[in-house]
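For the sequence shown, my numbering begins at 1 and goes up steadily by one.
What the hints contain is simulated information worked out from the structure, not anything from laboratory work.
Yeah, the Cβ is synthetic: ideal placement off N, Cα and C, and Gly gets one too.
Take these hints with a grain of salt, some might be off.
[To be verified] Label pairs and their in silico Cβ distance ranges: (1) Asn224 - Lys88: 24 to 30 Å; (2) Glu241 - Gly275: 32 to 38 Å; (3) Cys219 - Lys59: 24 to 30 Å; (4) Arg189 - Val67: 51 to 57 Å; (5) Cys243 - Arg145: 17 to 23 Å; (6) Gln188 - Lys246: 25 to 31 Å; (7) Glu241 - Leu212: 46 to 52 Å.
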Amino acid sequence: MPAEMDTSEDFLPRLDLDMSFDILMTLGDPCDLARASCVSRGWHEFVISNGLSKQLCLKMFPQLYGVDRVTESCSFKSDGETGSSNTKEWDILEREHRVYGFLSHCARSIVDRECISDAISASSTDNFPEEGINNTLEIRDRVGRIASYWSSKGQKNPAVPETLIYKLVGDLSVITEIDIQPFKAFFQRGSPIYSAKSVRFRMGYSKASLDLDSVDQSCHISPNDKFVWTYTSPEFPMAQENCLQKFKLPKPVLCIGGFLLVELLGRMQRQEMDGLFYIWLVCTLLSL
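The task is simple: from the sequences and hints, build the whole structure.
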């Protein structure tokens, strides 16, 4: 090594802005980006001034592009505090660095668990409450000697869809997988399985405050009139099998608002006694 080379020299100032930005954005882990910001004062200022924590978080969760501004509940400074415009701008950048960095880190550190808290509404129910949507919160297909499942109303047209609406445990959740189990009617001849042909998922928030205690599950809540859906999944085929079927999302999804819409598309099984097509489900589970 040449004697004149300074091994402690910071190479970042020698690179142009775009190259430095591209290099640091290859750090896909928020922890690595946090470590990079601690290398030196110059690196720290570069990460904050260019909003790299925010950019990484938006790359992980595009649903956050609609966020206008962020706040901290325990911030020592407010936006209205006096000071130069440069100081205020830097305070905003620092706040975004902390908030988006914390959110990205939490999303990578989550523990896998089920996170549906309430069943809100079904587009139809054959016999309420015996075959209501609340039964899908129970993972077993029998409670004691009683069958536990949700049943749609019967339809002559097998293409008629059904929807189920759920509330998640929090208003901000990262969802990776949704599991559904079709019901096998063991009490009918041939034990038919009433699955859907395919399923699609939407996530979002309610347009107005929704009092869950006052929701009448016997009445259908329109998913488009009452909610804004910020994420729509691909359509997944559903097997006509009595097992817990796992539908893994292409990438983790940040659900802002805490509501899930399950769209059941098409019907596979005709009921022998009335000749109509139904969808029956045992349970719906979400994984963080």
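Q.
Hint by hint, where does the structure go against what was stated? Just the numbers, ascending.
A. 1, 2, 3 and 7
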